[in-house]
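Number of protein chains: 2
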Amino acid sequence: MPDDEATPPLDELMRAIEAEDRSAVSALAEEMHYADLAQAYQELDEEKHHLFLKTIGPAKAADMLVELPDSLIEEALDAFSPSELKILFRELSDDDRVDILQDVGEEARLRFLGLLGPEDEELTRSLLKYEHDTAGGRMTTRIGRVFANQTVKQAVDMLRRSQESTETLSRIFVVDQKGRLIGKLRFRDLAFNTWDTPVRDIMREIGPERVLATADQEEAANMLLKYDLIALPVVDEFDHLLGLITHDDAMEIMQEESTEDIEKIAGIGGEQSEETYLNTTILTQFRRRAGWLTGLAFVSILSGYVMMRFGSILSEVFLLALFLPMVVAAGGNTGGQASTMVIRAMSLGEIDHDATWQVAWRELRTGLFLGLLLGSCMALFTVVLLPFFHFDLPAGMTLAKVAIAVAVALTTQVTSATFLGSLLPLGARAVRLDPAVVSAPAIAAIVDVSGMLIYFTVARAILGL
Amino acid sequence: MPDDEATPPLDELMRAIEAEDRSAVSALAEEMHYADLAQAYQELDEEKHHLFLKTIGPAKAADMLVELPDSLIEEALDAFSPSELKILFRELSDDDRVDILQDVGEEARLRFLGLLGPEDEELTRSLLKYEHDTAGGRMTTRIGRVFANQTVKQAVDMLRRSQESTETLSRIFVVDQKGRLIGKLRFRDLAFNTWDTPVRDIMREIGPERVLATADQEEAANMLLKYDLIALPVVDEFDHLLGLITHDDAMEIMQEESTEDIEKIAGIGGEQSEETYLNTTILTQFRRRAGWLTGLAFVSILSGYVMMRFGSILSEVFLLALFLPMVVAAGGNTGGQASTMVIRAMSLGEIDHDATWQVAWRELRTGLFLGLLLGSCMALFTVVLLPFFHFDLPAGMTLAKVAIAVAVALTTQVTSATFLGSLLPLGARAVRLDPAVVSAPAIAAIVDVSGMLIYFTVARAILGL
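Which chain is which? The protein sequence lines are D and F, in order. Positions 166 to 630 (our numbering) are the ones given, in order, by the first sequence. Positions 166 to 630 (our numbering) are the ones given, in order, by the second sequence.
Calculated from the structure, these hints are not laboratory results. Wrong hints could be hidden among the right ones.
Stated by the list, open to error - In silico SDA-like cross-links for lysine to any residue, where the CA-CA straight-line distance does not exceed 25 Å:
1. D:Lys294 / D:Gly282
2. F:Lys566 / F:Ser477
3. D:Lys349 / D:Arg369
4. F:Lys349 / D:Gly282
5. D:Lys349 / F:Arg307
6. F:Lys349 / D:Ala192
7. D:Lys349 / D:Gly372
8. F:Lys349 / D:Leu175
9. F:Lys318 / D:Asp322
10. D:Lys318 / F:Pro234
11. F:Lys318 / D:Asp354
12. D:Lys566 / F:Phe463
13. D:Lys566 / D:Leu545
14. D:Lys251 / D:Ala203
15. F:Lys566 / F:Cys542
16. D:Lys349 / F:Glu195
17. D:Lys225 / F:Arg369
18. D:Lys213 / F:Asp519
19. D:Lys566 / F:Met473
20. F:Lys566 / D:Phe463
21. D:Lys225 / F:Gly348
22. F:Lys349 / D:Ser327
23. D:Lys213 / F:Cys542
Unchecked claim - Not close to chain D: a few residues of chain F, all C-beta gaps over 12 Å, as computed:
24. Arg187
25. Ser191
26. Asp243
27. Ser248
28. Leu280
29. Arg290
30. Ser291
31. Leu346
32. Thr622
What you are looking at is a predicted structure, and each value in this text was computed from that prediction instead of being measured. All C-beta atoms in this analysis are idealised placements derived from N, C-alpha and C, irrespective of residue type, glycine included.
Using the sequences and the hints given, assemble the complete structure.
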């Protein structure tokens with residue numbers, strides 16, 4: 166894992182801001198990448214934000230704003246006057262403008278929409294219709310688009326006119342007269358052909374690589390990854406080209422969705438924010454973790470109840486206490502492994518609905534093998550090593566008998582926990598929940614209870630208690 | 166999360182292969198994207214692989230091969246004759262060729278290297294020097310490169326000559342006479358300027374956006390993400406331009422690294438393979454999970470030992486058993502949350518070495534607040550709800566006393582487990598281990614032991630047992 170070495174210009178900028186040296190700040194910011202400016206902004210004390218924004222000005226601030234966590238957006242916009250905001254919003258690409266407007270309150274959104282030119286306002290309002298986490302909500306409409314029946318010269322002239330308002334000319338898309346997507350081009354295909362070549366003759370046809378505007382953003386990102394695309398066309402149900410998801414959006418989506426999965430699996434709730442770990446307040450951290458923790462604590466009382474009811478067995482055969490935490494914990498560990506595997510595979514689009522029973526059957530067998538392995542280890546441990554410790558056993562009880570009871574309980578617990586760990590995320594999806602809501606701690610809490618019941622029941626039956 | 170709907174051409178292809186209809190397979194494959202061909206290949210029975218590869222031919226197979234999991238590469242290459250392999254390797258880009266040669270055995274690698282032309286062989290050997298998971302190991306050397314002192318016309322002529330061997334012209338890099346990276350261009354910058362403009366005048370300078378060939382691949386991917394790049398230049402220590410990491414490589418790297426983190430956190434060992442979940446054998450799954458499970462089972466016996474030693478307390482005050490599993494589990498849950506948060510933040514490059522104590526201090530406070538919350542909940546539960554159940558208590562003991570003992574033990578356990586959960590990944594990094602080796606189950610196993618000790622010690626002290 167990389168260390169983010171602080172780049173010297175960043176340090177210099179921070180010192181200039183602390184010293185309130187406006188001309189130095191302005192000169193340094195001119196040279197720096199907006200991602201680095203955003204990093205500097207987040208490291209600043211809040212009272213310096215205003216000075217920083219005003220010094221770099223609305224045009225430079227626009228690009229930086231896109232890189233800031235959602236929660237800092239509205240405060241930053243408030244630093245500017247309406248006429249500065251007009252400049253700022255004009256500087257933003259259509260998809261970034263929409264992202265930013267989605268991060269501010271309803272009242273502010275309406276106020277900011279009023280500052281846009283009529284054309285931009287209409288476009289922005291139409292994009293705001295799509296949910297933030299859909300392909301439509303993430304797409305840019307500023308795309309290189311030419312018609313199939315144009316010549317290379319006509320196409321180049323058209324692109325030249327729209328040059329400034331286009332996000333990427335790395336991929337140019339070809340539509341028919343009705344605006345339906347039929348092919349794509351690279352800029353060099355135009356440059357390396359004669360002026361009168363028809364676009365239709367040099368375009369490449371597009372296969373399945375497109376996504377519906379209403380599709381989940383994760384589907385779009387997975388498709389960009391699968392087909393190694395720089396930009397994925399977004400279409401409506403009639404295949405009209407609406408916009409593009411670009412490679413950098415896809416990377417952000419993947420990073421967000423992975424972090425979200427990781428956090429949910431660990432039982433951390435709430436929205437995954439764009440905030441970095443160190444920029445999140447402790448209160449937010451507390452809130453996101455407290456929910457699951459409290460809920461699961463009450464579930465664990467069920468385990469305690471089972472233990473209290475069967476506790477007399479432990480005082481009859483003290484040795485049984487030695488294995489109780491292990492049997493219980495083994496279920497939580499293996500159940501958590503199984504659910505994690507299945508959740509990640511679902512996120513990557515590897516498990517479709519038809520495969521549900523195939524997955525369950527795989528995990529049932531994997532669980533059984535793991536259970537047999539652990540059971541045998543512990544049985545061996547009991548008969549080979551424990552005799553050296555001279556534990557007191559009740560009359561008629563042997564270490565061999567205890568070994569059998571532990572092995573049977575452990576195998577049952579591990580098999581059932583693995584099976585359950587794989588089934589719960591699949592079940593969550595079947596009822597249209599995000600599979601990742603089935604966190605590893607939740608599975609552990611459930612199989613803790615079943616583990617206690619299994620252990621005491623098996624011990625009673627086999628040891629005749 | 167998306168469902169991978171089977172696309173109709175894929176079904177058609179599968180049927181054609183089953184029927185051994187070579188001309189239909191060939192025609193369908195011609196139309197399909199190589200990522201879809203790779204998917205079809207993996208869904209086929211093994212005995213059909215040979216037929217499929219021979220039918221689509223080495224040129225088409227080359228692109229498909231790149232998308233296959235590592236373990237299938239060598240078998241697929243063996244389907245072709247030496248003369249077919251020459252065609253196949255010529256078809257591959259330099260970085261893909263290196264990737265593929267890294268996936269086969271030593272003997273096969275030497276044999277395949279002998280099939281390359283002298284120029285390709287030398288290039289491939291020089292790239293094979295870099296570790297697979299470094300920037301140098303992932304880069305392509307087929308880049309658009311022009312000199313600062315050329316005119317636009319000279320630059321375009323040079324690019325036109327190298328067009329076919331260049332992976333992307335979306336970004337063109339500018340070097341000085343010594344090959345040192347100094348700027349970049351987009352193709353359209355050349356196209357929209359007059360022939361005699363010097364490249365130096367229209368290039369944009371490059372800031373910190375470059376990576377050393379020996380740097381970790383994750384560092385390269387994070388930089389592409391941070392700076393929204395299509396391609397990141399890879400340089401040596403003297404800033405000579407060696408190659409590029411492209412956006413699609415970066416996405417793959419991020420996806421692999423995220424999956425690796427997720428699996429490690431869940432206590433799943435071994436190399437993260439490129440295999441999909443359903444294509445992994447049960448034996449592989451078993452092996453990757455068994456290691457941690459078995460190790461942790463023996464750690465859990467320590468918990469059992471503590472329980473056995475202090476077990477008499479439970480038979481004196483049965484009620485204490487009700488809270489034991491909860492106190493223990495709460496530590497595992499909160500410790501796992503803390504380590505997951507910290508591991509993910511480190512992966513994303515958000516925590517540098519200087520921040521170690523800042524993180525530990527944050528988590529200590531978060532843990533304390535979570536502990537106080539849980540402790541209060543359980544104390545309230547004990548004094549408000551438990552009186553309705555009429556539990557037997559020894560003489561002189563009150564529910565209020567039990568409530569205090571539980572609250573104190575729980576707060577101590579949660580605070581220490583959270584603190585430990587954040588410290589262990591930081592400590593792993595300090596001794597140059599991957600922080601993600603500190604899996605959530607490992608933390609749970611450790612704090613299970615400490616939880617038992619805390620609970621029994623506190624109960625003894627407060628209840629005077």
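Okay, the hints, checked on the actual structure:
no.	hint	result
1	D:Lys294 / D:Gly282	holds, 19 Å
2	F:Lys566 / F:Ser477	holds, 19 Å
3	D:Lys349 / D:Arg369	holds, 5 Å
4	F:Lys349 / D:Gly282	violated, 33 Å
5	D:Lys349 / F:Arg307	holds, 23 Å
6	F:Lys349 / D:Ala192	holds, 22 Å
7	D:Lys349 / D:Gly372	holds, 10 Å
8	F:Lys349 / D:Leu175	holds, 22 Å
9	F:Lys318 / D:Asp322	holds, 20 Å
10	D:Lys318 / F:Pro234	violated, 44 Å
11	F:Lys318 / D:Asp354	holds, 17 Å
12	D:Lys566 / F:Phe463	holds, 20 Å
13	D:Lys566 / D:Leu545	holds, 12 Å
14	D:Lys251 / D:Ala203	holds, 21 Å
15	F:Lys566 / F:Cys542	holds, 15 Å
16	D:Lys349 / F:Glu195	holds, 18 Å
17	D:Lys225 / F:Arg369	holds, 17 Å
18	D:Lys213 / F:Asp519	holds, 23 Å
19	D:Lys566 / F:Met473	holds, 19 Å
20	F:Lys566 / D:Phe463	holds, 20 Å
21	D:Lys225 / F:Gly348	holds, 21 Å
22	F:Lys349 / D:Ser327	holds, 22 Å
23	D:Lys213 / F:Cys542	violated, 41 Å
24	Arg187	holds, 22 Å
25	Ser191	holds, 17 Å
26	Asp243	holds, 26 Å
27	Ser248	holds, 28 Å
28	Leu280	holds, 26 Å
29	Arg290	holds, 26 Å
30	Ser291	holds, 24 Å
31	Leu346	holds, 16 Å
32	Thr622	holds, 17 Å
The structure does not agree with the numbered hints 4, 10, 23 stated previously, though it agrees with the rest.
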